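Asks: The sequence shown lines up with residues 1 to 1167 when you count with the UniProt record's numbering.
These aren't lab readings, by the way, just hints derived from the structure by calculation.
Keep in mind it's a predicted model, so treat the numbers as computed, not measured.
The beta-carbon is built from N, C-alpha and C at its ideal position, and this holds for glycine as well.
Accuracy of the hints is not assured; some may be wrong.
With beta-carbon atoms standing in for the labels, derived distance ranges [unchecked claim]:
hint	residue 1	residue 2	range
1	217	51	20 to 30 Å
2	76	590	50 to 60 Å
3	767	897	37 to 47 Å
When the alpha-carbon atoms are kept at most 27 Å apart in a straight line, the in silico DSS-like pairs for lysine-lysine are as follows [stated by the list, open to error]:
hint	residue 1	residue 2
4	279	497
5	147	101
6	194	497
7	806	767
8	271	321
9	537	271
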Amino acid sequence: MLNFYIDRGGTFTDVFYQFNGESKVHKLLSQSYYKDGVFQGIKEIYEKYQQDGQNVQVNQIVIGTTIITNAILEKQGHDCALLITEGFRDLLQIGQQTRPKIFDLTMKKPSVLYKEVIEIKERITYEGQIVKSIDLEQVRSDLIKLKQQKISSIAIVLLHSVINDIHEQQIKSIAKEIGFNSISISSEVSKVIKIVPRGQTTVLNSYVNPLIQLYIQELEQEIRSLLINQNPQILFMQSDGGLTEAQDFIGSKAVLSGPAGGVVALMQSTKIFKQLNKKGVVGLDMGGTSTDVCVYYDKQNIKEESIVDGIIVNTPCFDIKTVAAGGGSLLKFENGMFKVGPTSSGSYPGPICYDRNGLLSLTDANLYLGNIDVDHLPKIFGFDNKSGLNYEKVKQQFEKLSQELQMSSIEIAESFIKVADEQMCRPIRQITNGRGQLSQDHLLVIYGGAGGQHCCSIAESLMIDSIFIHKYASIFSAYGLSLARQQKYQKIPLIDKLINFDSINKVIQQFQSQLQQDIEQLIELHLKYEGSDFLLKIEYNTDMNIIKQQFEIQHHELFGFKQNREILIEYVSLTIKYGQQKEDNDELLEILKIIDGNNMNINELQKQIQYKGPFLIHTGNTTIKINSGWQAELTKNDNVIIRKIKDLQQQNINQSKYTNSSLELSIFANKFMSIAEEMGLQLQNTAVSINIKERLDFSCAIFDKDGNLVANAPHLPVHLGSMSDAVKCQINNFNQGDIIMSNHPEMGGSHLPDITIITPYFKDNQKLFYVASRGHHADIGGISPGSMPAFSKYLKDEGIAVRSFKIVENNVFQEDKLIELLQESRERQDNIQDLKAQIAANNKGIQLIEQLIKQEGYDKVNQNMKRIQENGENCVRQMLYDISIKNNLQEIDTIESDEYMDDGSKINLKLTINRNDRSVIFDFTGTSQQVLGNTNCPISVTKSAIIYCLRCLVDMDIPLNQGCLNPTQIIIPKNSLLSPNNICAIVGGNVLTSQRITDLILKCFNATAASQGCMNNFSFGGFNQRSYYETIGGGSGAGDGFNGESGVQVHMTNTRITDVEIIERKHPVRILSFTLRQNSHGKGRYNGGDGIVRSFLFLTKLNVSLLTERRVFSPFGLKGGKNGQKGINIYKTQGQSFLLSGKVNLDVQSNDEIWIYTPGGGGYGNI
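The task is simple: from the sequences and hints, build the whole structure.
Replies: This is how it looks when you write it as structure tokens:
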């Protein structure tokens, strides 16, 4: 009897197979002379037994595959069409509006998967009421036209179809009649009440399902031709770790099919991590292309959403984070720093050692250092697929690098590996800290072909003292397939309050009565606090109090608090598992002897003996490197446990582990950015407001003892450049135990809703560094809801202005004083909770820097805070020199230009680049004086625009820091638009003027045409309704060699927009359209991006504010490119239509409408 368990990865296809109860391993490259690694593996093994004269019966074939992910990344899916509610043609292209990389001027988003779009004239409300019936004859006509275009796959995505799917089902029925082969409808594919993730998931299904069906048909045909008169069971791994039959294997459930097997196998370490008294397990799967990270806490960690190439996939899946650092990650040296990835050499041509004219990669560094033993690996390389790894070619490349860098070749290879290790540590810290846990409290389980060479150094960086490596670690995902069970998952919406438990009980008991009694089943309630969108899954119990208690416990474990708010239920889900769970019977053994280790095969290790490092263990398909200070032993089941020698747990911080300054800088850059990222994760998790938790309108950063920006997470540019001023303004106001809150523009604030919390780190009464977080609060008082008034004239109109308030004094939270301070706010409770979340985020940053100082020593940490800024400065100086040459400037040359705001006020810039000392002067002399309006821009925000532009123009992966401003001189006249006095209104300066400054700077650098130049701020509230605020994207400007992006947040912001179905559920509005504004871009050799059309129908009386720009002056083109179209605001009431100005505050009535047409981006170059 022969069973196959096959994982087809990006580089290798791993085969774990069992013949008559004996387990064996086979490994082959995924892409080579054969068509499919899965079938080739089966064929090679089956024919081997046949040739030996054995009668072989194949019983089962289980497959995990990356075919779906690869099809998405390589755009190899099937032509498909999207059918979507009228007015939302481009909704899935716009998505959440955010751009993937905030410093990338192309602002390029992943392309959509569908080829054609049909808008369906229909509308259903969030309650399921039909307000516009569907025109079925028009639908039929449209579908026939699609069929004539040879499109046979469609995705049907209609608003609120989860609540009422009648229109989707009607379209599906017609499509079947016409003969479409693949039909995906959103109400069946996903039950989430958010149209963007549900819609993108449905389109993904439509795009890849025909490909999957074809692959399965061809595979089954090949298997039948090989296994004559045999009918083995064929199962596929899904993203949630359950197996399914071929007919149920669909794209949305299979995007993590490959790595899911490894997580299933990871769960078999339960007994070991409990014996070691660890809280959980961290899994690290290091493959050829990337590294996957996950955690396990004695319970499957299933989430409802993943992202593949920017596409939201809303189906249950393991929570796996991916970092672009695998064996194939490319190695390069840039700007004095070692870089690993994100690009990869792939499986073909692969690293240099694959001997196929490949590129220098991480595997090459490991081979060169002796971490890989060539003699113990299969000979599957070279152009003939029969050669071993080529060491000599790798040696030649590292020796060449040695001459270029004036550094030893060994040192270079070691440096690359240490940088890769640190990059892999970052997602581990995020995923553990995101669950309120510390990395060091976990067992590290390493698997994948490349992981064993990095295990000890990664563990040391994470302060983890125990590592588990399974004997099948190199093919762990394939091994995991042998442990998985068939599984089905179902989710239905059940929207109610938890206190209405009797009605909930009746629905669930009816659900339960339909189940078989002899299968394992799990019913879970998806619960959240009122006002939040964060759902927690709690196992169903007939006692409501137990459910409530479990929800509050889990919420407190994750976020550190519970709220005095109503608990709501949104979904109920059912998981059914078939067959018996295979038991974990591995365990640690008593150690009888400790000896020094020598390089050996894994089968040479003896039980109950510990082997001290350094040495290598060869497993046949990979190598495990045991570092000095670590010792290895075997478990009962012949797996490897590696433990840190206790006497060496505390590293001597005086003994440097960095062999060169470039390596040290590279490592610390990663460490500092990781700390800022973890602060952001803590803030997002513990905040309660939609602005911070959902729209991600916040930023976190680290500052040195002088208040200079050291590192930040990739949050909002408008915050990051100005936060340094906010810190510097408070340096003399701290005593030990104080935390300061501030939002005043004269104190480094951006606008009043953006509140900054600053925490110092004291040591021996000296302030050594600072951390800060800035978040946009839903309301801070002022003359209009949301604190974003259209017509504010003075700062006091915009809310509470705080120069310096000790929100924590002498380690005591000043809640009573804070409540008094926030009297004006309409959302005071949310303010307080979000401010507590900001304090918690800062505390996380302080703890992590303290930990870093403990590991490295203060002097080294402080030294590298300075060196990172020096590196930023050097990069900007080099960029200035390069641009001066590229733009054919004189050695000292000035470019002057101006921009006019819609009210006629001017921003003037004289940009002087000095090629001799590589410096730049930003002289805004000639800018208009301050205005009696709110487009005045604080100096700190202008600095934000400048540092953002400089960082974009560097166009390399460096941390944004204060050093980027060192080559600059900034001249701004007092009492001007860009340096207003302390009574001027400034809310529009942050969200409007900042964008115009950015456009002007990039224009002077000849970099890009104008983007939309606005954030299109829209808010409403009042009259007993909660406030709502959003910013709307538009078109970005084109540049030399690239088109602008359409429907995207540009430059100084990158916040998400709230999903249409969520807005309509929470607020008395109906969105009539959210689509691209076709042909609003400026034409040129490279076209600008299109703006957006977004319109609202109001269902009750509300107060509305619009704060917008580019309604008078169009976004300019550059180098002969045409202007983009300016924005338009329209108000419709009682059958009449009125053009609005850019700044509006009005009371709307029921059935009134607001239509917002955002600007397009300018074109670049003559046509």
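Asks: Next step is simple, just say for each hint if it's right about the structure.
Replies: Hint-by-hint comparison with the structure:
1. Between residue 217 and residue 51 the Cβ separation comes to about 29 Å, which falls inside the hinted range of 20 to 30 Å.
2. Checking the proposed 50 to 60 Å range against residue 76 and residue 590 shows it holds: the Cβ atoms sit about 54 Å from each other.
3. For residue 767 paired with residue 897, a C-beta distance near 42 Å keeps the hint of 37 to 47 Å intact.
4. Annotation: proposed proximity of residue 279 to residue 497 is violated, straight-line Cα distance about 33 Å (limit 27 Å).
5. Of the pairs offered as hints, the one joining residue 147 and residue 101 is violated, with about 38 Å between alpha carbons and a cut-off of 27 Å exceeded.
6. Taking the CA atoms of residue 194 and residue 497, the gap is near 19 Å; set against the 27 Å cutoff, the hint holds.
7. For the suggested pair residue 806 and residue 767, the alpha carbons sit about 16 Å apart, so the restraint of at most 27 Å is met.
8. For the hint linking residue 271 to residue 321, the alpha-carbon distance of about 24 Å falls within 27 Å, and the restraint holds.
9. For the given pair, residue 537 sits about 25 Å from residue 271 by alpha-carbon distance, which is consistent with the 27 Å threshold.
Consistency note: the structure conflicts with the earlier hints numbered 4 and 5.
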